[in-house]
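Protein chains: 2
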Amino acid sequence: MIAHDSCAAQVKAWQGRMEHALSVRLPAADEVPTRLHAAMRYSVLSGGQRVRPLLLFGAARALGLDETQVEAAACAIEFAHAYSRVHDDLPAIDDDDLRHGRPSCHRAYDEGTAVLVGDALQSLAFQLLASDAALPAAPGVRLRLIGLLAEAIGASGLAGGQAIDVATQGERVSLAEIDAMHGRRTVALMRASVLMAAACAPRVAPRLHEALAAFAAALALALQIQQELLDGAADARYSAALGPAASRERVRRLHAEALEALQPLGPAADPLRGLAQWLLAPGD
Amino acid sequence: MIAHDSCAAQVKAWQGRMEHALSVRLPAADEVPTRLHAAMRYSVLSGGQRVRPLLLFGAARALGLDETQVEAAACAIEFAHAYSRVHDDLPAIDDDDLRHGRPSCHRAYDEGTAVLVGDALQSLAFQLLASDAALPAAPGVRLRLIGLLAEAIGASGLAGGQAIDVATQGERVSLAEIDAMHGRRTVALMRASVLMAAACAPRVAPRLHEALAAFAAALALALQIQQELLDGAADARYSAALGPAASRERVRRLHAEALEALQPLGPAADPLRGLAQWLLAPGD
Chain S
1 MIAHDSCAAQ VKAWQGRMEH ALSVRLPAAD EVPTRLHAAM RYSVLSGGQR
51 VRPLLLFGAA RALGLDETQV EAAACAIEFA HAYSRVHDDL PAIDDDDLRH
101 GRPSCHRAYD EGTAVLVGDA LQSLAFQLLA SDAALPAAPG VRLRLIGLLA
151 EAIGASGLAG GQAIDVATQG ERVSLAEIDA MHGRRTVALM RASVLMAAAC
201 APRVAPRLHE ALAAFAAALA LALQIQQELL DGAADARYSA ALGPAASRER
251 VRRLHAEALE ALQPLGPAAD PLRGLAQWLL APGD
Chain V
1 MIAHDSCAAQ VKAWQGRMEH ALSVRLPAAD EVPTRLHAAM RYSVLSGGQR
51 VRPLLLFGAA RALGLDETQV EAAACAIEFA HAYSRVHDDL PAIDDDDLRH
101 GRPSCHRAYD EGTAVLVGDA LQSLAFQLLA SDAALPAAPG VRLRLIGLLA
151 EAIGASGLAG GQAIDVATQG ERVSLAEIDA MHGRRTVALM RASVLMAAAC
201 APRVAPRLHE ALAAFAAALA LALQIQQELL DGAADARYSA ALGPAASRER
251 VRRLHAEALE ALQPLGPAAD PLRGLAQWLL APGD
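Protein chains in written order, with our numbering: chain S, 1 to 284; chain V, 1 to 284.
One or more hints might be untrue.
[Stated by the list, open to error] Cβ-Cβ distance ranges computed for the label pairs, FRET-style:
hint, chain 1, residue 1, chain 2, residue 2, range
1, V, 202, S, 140, 47 to 55 Å
2, V, 136, S, 209, 23 to 31 Å
3, V, 139, S, 29, 31 to 39 Å
4, S, 47, V, 140, 46 to 54 Å
5, S, 240, V, 231, 48 to 56 Å
6, V, 202, S, 240, 52 to 60 Å
7, V, 131, S, 134, 44 to 52 Å
Treat the hints as calculated values from the structure; they're not laboratory data.
Where is the CB? At the ideal position from N, CA and C, for every residue including glycine.
Based on the provided sequences and hints, a complete structural model is requested.
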């Protein structure tokens, strides 16, 4: 059992590191185009748990890396996540007026700005991976990171999953179809987070890559189902297909699967174990 | 004087090469998510002159490269251009119902799909540069291409220029301000096109980089002004600031500047000279 207090302290330290790392990599709000820059900063620096950077830091620790070596990659992941949230919130997609309790980007600014904010955040993510001075400098590592991110957010990842979600709104879909949709929409970027940490580490055995990917995939689905339970929306995908009791049971099973997947990493993966518990059972 | 017929034949050959190169790199329309994939193919394979790939091919020839060596980079540039057009056409930005005489993406499909099409095309552009097997394999070259593209389309390039354009709609702005806006919105990606060709060539002297960049910058502005003259819209930026006669004179001057910039490249730059003439004076 990992002490919950030390996990919480670690998470808080990682979150604090991210706020600073993101802020210094965003364009200044007093430089032209000021409205776009201000809206980019508003959209990224608006709270949230930073789950993907936390996963990346946890995986880095499990592989013996220091946070400083992966901080720029964590920022790229978070910029990509933020871009997808800004676009998903648009009236033409999920039509959400709020994000983390504040007006979503298109409500705080306007729809045109929100489209451009997402576009510019995606470019910035790739720009960091190509040239951020704080990343390990080997060009091959950078290319691997760029490939992982592009695959995770493109038509075969996030954008494709979102398209399937929109196309099947109001339809009754099977559990397997929901899993497949979230495999792209939710799992792909979390999986990329741990694999990007692995790409930054020297000589990671394939079975450890697989262990990290399996951990992230199980945890990502568990977090999605738990989020739906917390939101309490009856039209949420898993709630509609499973009901609340079976949803809770599936979260427990996926949590166990995630921990099981970490076995090959041994005690080095304790930061990831603690993170999974902090994310899934914050009150325990 | 370059024979116009041979230029036209060269342009046609390059355009034909691009249609095939783009088509094979787009996701298949019969694979899930089919609607997103179909809309991506519709948006990219909908005609247009392919000006940026033509510039890239012309610069490649001027530097002694074969088209096969830069074809993937030309596709990345065109995917980035196509993404920006799909997003710019959205009701919240330019609100254009037509593109190349056909319904724009959000009219042929829907707004949500158009947002995701643009997002996925941007990711695909970076994915090609990171991993397309047809590119020269040196990782350092790929990173330079990714950096050039990210800079050209991000907040300091295309997205930023579009934001300035939207923010100043209806305002009376100076010629210098219009030039600065189009420096990002129009020039940045054409400049990146020739610089990406240069990045693929071994040992290009800095003054030749500068020559190509200056050529592309002058030609890009000339094309923008000429397009406004052809569209005949009285509210177009240059038409409003300059009037038609001074606009035509400025196109002529920029064309001369573009040719002047090519001097250091000698006769090798004839394909670029022919291309500029074909683009600016198609009937001559």
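Exercise for review: Could you tell me whether the CB distance from residue 202 (chain V) to residue 240 (chain S) stays inside 52 to 60 Å?
Suggested key: Given a distance of about 59 Å, which is inside 52 to 60 Å, the answer is holds.
Review point. CB of residue 136 (chain V) to CB of residue 209 (chain S), is that within 23 to 31 Å?
Key: 28 Å, holds
**Study point:** Range agreement (Cβ of residue 134 (chain S) with Cβ of residue 131 (chain V), hint 44 to 52 Å)
**Key:** Given about 24 Å between the Cβ atoms, the range is violated.
Check your understanding: Would you say the C-beta atoms of residue 240 (chain S) and residue 231 (chain V) sit inside 48 to 56 Å of each other?
Key -> Distance hint for residue 240 (chain S), residue 231 (chain V) holds at roughly 50 Å.
Point to revise | Cβ distance range 31 to 39 Å for residue 139 (chain V) and residue 29 (chain S), holds or violated | key: 35 Å, holds
Review point. Is the gap between the beta carbons of residue 47 (chain S) and residue 140 (chain V) within 46 to 54 Å?
Key: Because 38 Å falls outside the window, the suggested range is violated.
Review point. Does 47 to 55 Å hold as the CB distance between residue 202 (chain V) and residue 140 (chain S), or does it fail?
Key: 20 Å, violated
This entry does not satisfy hints 1, 4, 7, going by the numbered hints stated previously.
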